[in-house]
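Peer 1: Residue strings, one per chain:
There are 2 protein chains.
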Amino acid sequence: MSQVKVAVVGYGNVGRGVIASLKNNPDMELVCVVSRSPERVKKEFSAVPVFHVSEAEKAFERSGAQVAILCGGSKDDLPKFGPQMAKLINTVDSFDNHIHIPDYFAAMDKTAKEHGHVSVISTGWDPGIFSLERTLAGAFLPGSRAYGFYGLGPAGGLSMGHSDALRTIPGVKDARQYTHAIPSAVKKVQNGENPDFAPGDMHTRECFVVLEEGADKVAVTKAIMEMPGYFAPYDTTVNFITQEELNTKYAGFPHDGLVAAAGVTGKGNPARIEYRCVWGSNPEATANVLVAHARAAARLAAEKRTGAFTILDIPASYFTTKSHDELLAHWM
Amino acid sequence: MSQVKVAVVGYGNVGRGVIASLKNNPDMELVCVVSRSPERVKKEFSAVPVFHVSEAEKAFERSGAQVAILCGGSKDDLPKFGPQMAKLINTVDSFDNHIHIPDYFAAMDKTAKEHGHVSVISTGWDPGIFSLERTLAGAFLPGSRAYGFYGLGPAGGLSMGHSDALRTIPGVKDARQYTHAIPSAVKKVQNGENPDFAPGDMHTRECFVVLEEGADKVAVTKAIMEMPGYFAPYDTTVNFITQEELNTKYAGFPHDGLVAAAGVTGKGNPARIEYRCVWGSNPEATANVLVAHARAAARLAAEKRTGAFTILDIPASYFTTKSHDELLAHWM
Chain P
1 MSQVKVAVVG
11 YGNVGRGVIA
21 SLKNNPDMEL
31 VCVVSRSPER
41 VKKEFSAVPV
51 FHVSEAEKAF
61 ERSGAQVAIL
71 CGGSKDDLPK
81 FGPQMAKLIN
91 TVDSFDNHIH
101 IPDYFAAMDK
111 TAKEHGHVSV
121 ISTGWDPGIF
131 SLERTLAGAF
141 LPGSRAYGFY
151 GLGPAGGLSM
161 GHSDALRTIP
171 GVKDARQYTH
181 AIPSAVKKVQ
191 NGENPDFAPG
201 DMHTRECFVV
211 LEEGADKVAV
221 TKAIMEMPGY
231 FAPYDTTVNF
241 ITQEELNTKY
251 AGFPHDGLVA
261 AAGVTGKGNP
271 ARIEYRCVWG
281 SNPEATANVL
291 VAHARAAARL
301 AAEKRTGAFT
311 ILDIPASYFT
321 TKSHDELLAH
331 WM
Chain S
1 MSQVKVAVVG
11 YGNVGRGVIA
21 SLKNNPDMEL
31 VCVVSRSPER
41 VKKEFSAVPV
51 FHVSEAEKAF
61 ERSGAQVAIL
71 CGGSKDDLPK
81 FGPQMAKLIN
91 TVDSFDNHIH
101 IPDYFAAMDK
111 TAKEHGHVSV
121 ISTGWDPGIF
131 SLERTLAGAF
141 LPGSRAYGFY
151 GLGPAGGLSM
161 GHSDALRTIP
171 GVKDARQYTH
181 AIPSAVKKVQ
191 NGENPDFAPG
201 DMHTRECFVV
211 LEEGADKVAV
221 TKAIMEMPGY
231 FAPYDTTVNF
241 ITQEELNTKY
251 AGFPHDGLVA
261 AAGVTGKGNP
271 ARIEYRCVWG
281 SNPEATANVL
291 VAHARAAARL
301 AAEKRTGAFT
311 ILDIPASYFT
321 TKSHDELLAH
331 WM
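From first to last, the protein sequence lines are chains P and S. Heads up: the first sequence begins at 1 in this note's numbering, then just goes up one per residue. Heads up: the second sequence begins at 1 in this note's numbering, then just goes up one per residue.
Treat the hints with care, since some could be wrong.
Heads up, the list lumps identical chains together, so a pair's fine if it works in one copy or across two of them.
Stated by the list, open to error - Computed cross-link-like contacts, DSBU-like style, restricted to lysine-lysine with a CA-CA straight-line distance of at most 30 Å:
#, residue 1, residue 2
1, 113, 87
2, 217, 42
3, 87, 58
4, 322, 42
5, 113, 322
6, 304, 110
7, 322, 304
8, 304, 113
Calculated from the structure, these hints are not laboratory results. These figures come from a predicted structure and were not determined experimentally.
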């Protein structure tokens with residue numbers, strides 16, 4: 001197939017990851033970057049033209065972009081500029097605010113259909129690969145429940161959302177939060193017990209916090225422990241460290257996860273399905289999945305399909321560079 | 001969606017597994033069985049009409065079957081009666097002779113298209129789920145290689161093909177072969193070494209053999225060890241046991257496997273993807289996957305699609321009973 005021309009919208013960790021990932025996918029070509037702060041981006045990156053987000057239409061036209069990978073946040077960015085971009089071009093994004101996915105799908109579907117575009121939403125590894133694996137486990141092992149665990153390795157998984165939440169607390173200068181799966185909970189699922197878990201039964205939360213000068217440790221700890229949704233339901237540990245320690249020991253974005261389902265087949269024989277992934281860099285992992293979906297978006301668009309899609313709506317063969325003949329001969 | 005009416009063609013281990021699996025899928029209904037030995041089947045099973053294979057057309061018409069799940073062997077049965085059935089009805093099968101998949105696909109595709117049917121071929125857990133996971137790992141982790149291991153649990157995995165091969169040796173009355181993954185080989189893959197393996201580097205083979213009276217242990221052992229393809233390239237162990245021991249200790253069909261791929265993302269951060277499954281009953285596992293594909297075949301047929309498909313050509317949403325709204329709200 002011919003080269004797919006890709007625009008990257010948003011130059012944060014995921015945007016940088018997408019640019020790096022495109023280099024590892026020879027059938028894909030970065031043609032422009034669109035950002036709210038093009039001058040800041042240009043200082044760091046000048047391989048392709050960088051445009052202000054208000055000039056997105058011009059950026060896509062001039063660069064000949066076929067697909068825009070939207071690398072903004074799910075809270076404020078994507079609900080607003082997702083549909084704006086879907087008017088202009090085929091899009092792929094990693095909208096991950098689970099409870100708002102139906103609304104976001106509807107908005108993107110309407111706009112993409114009206115403007116003759118494809119919009120692949122909510123992809124990455126969760127939502128994304130994990131959504132696919134949950135759905136397949138449910139289909140292939142009816143009666144089982146699929147569970148998601150995060151942070152099974154010794155370091156745990158860095159949660160950006162929870163790190164951001166810590167930074168909103170008065171007195172917190174900087175912070176990072178690592179999620180840990182509770183091994184006994186994983187074991188229960190693997191044993192086929194299909195347990196009912198409360199949120200705090202599956203994971204613990206470990207916080208590394210740098211205080212503002214003169215901030216009150218006790219008050220900050222209390223604010224963390226009592227934060228509803230984020231920390232209150234969990235066994236949470238708070239460690240106060242220096243900025244230097246945070247920057248050196250906790251600088252990366254490691255994450256990992258497991259989808260596990262166990263049940264029985266046919267006449268009651270035990271069966272277990274697990275999908276495991278371990279990422280040195282969470283944003284680069286998300287970026288790799290986004291790029292494979294940009295390939296799929298270009299193919300769907302070439303078939304004159306329009307509207308919103310998720311990973312569940314797209315055959316696996318659309319994600320790969322392999323031809324149908326190659327897949328039959330070597331990948332089945 | 002309305003009930004999918006299913007015919008089962010072939011009443012061996014997989015056929016029995018499919019009948020058991022259909023009971024666990026309330027949207028699917030068994031409507032007839034087609035067999036080469038209907039009288040033998042009727043002795044064991046009388047819940048639905050049983051027809052001789054020469055009466056398949058009548059069987060499908062009378063029962064109103066929409067999809068036939070073909071449960072025959074890949075060596076002799078499917079190449080012959082697969083295309084015959086694809087003339088009459090939508091089909092799903094587990095053709096697993098990897099090197100002949102392109103030819104089988106072509107034959108089924110031609111016949112299914114000519115007769116306006118859908119034929120989903122080569123599904124189960126390998127080929128099938130593992131094909132999907134290999135393809136996704138390749139797409140999401142470009143540059144990595146996906147490896148398949150079998151028999152990682154302590155019991156190993158029972159290989160029907162290798163058990164059959166043992167039974168062809170003069171002097172062997174009965175036999176079962178268990179495949180074991182070599183742990184150090186799995187470790188190499190998980191470490192991201194992307195090693196070049198010869199077949200014997202990944203698995204060992206453990207044989208449990210019952211001799212005919214008066215057969216020569218040494219000659220049988222030599223015949224096993226030197227069997228090209230099946231045993232010669234492997235570290236093979238041969239255990240002679242009694243029929244009673246075989247029947248009691250080695251009666252089931254356990255199997256398990258792992259698809260593993262490791263590489264790097266973006267700027268060189270390590271990444272690892274693994275899919276693991278553990279089955280108390282291999283034929284029941286295959287049956288569950290076949291039944292989910294029968295659901296997909298019915299949907300593809302309802303969309304007026306025709307021709308051959310593999311798991312790589314079908315979106316995940318086609319395998320599940322969940323509606324699009326349910327998937328968006330609860331499975332993403």
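Peer 1: It remains to establish, for every hint, whether it holds in the given structure.
Peer 2: Tested hints:
no. : hint      : in the structure
1   : 113 - 87  : within (9 Å within a copy, 38 Å between copies)
2   : 217 - 42  : neither (40 Å within a copy, 76 Å between copies)
3   : 87 - 58   : within (13 Å within a copy, 53 Å between copies)
4   : 322 - 42  : neither (35 Å within a copy, 46 Å between copies)
5   : 113 - 322 : both (29 Å within a copy, 24 Å between copies)
6   : 304 - 110 : both (16 Å within a copy, 25 Å between copies)
7   : 322 - 304 : both (21 Å within a copy, 26 Å between copies)
8   : 304 - 113 : both (11 Å within a copy, 23 Å between copies)
Checked against the numbered hints given earlier, the structure breaks hints 2, 4 and satisfies all the rest.
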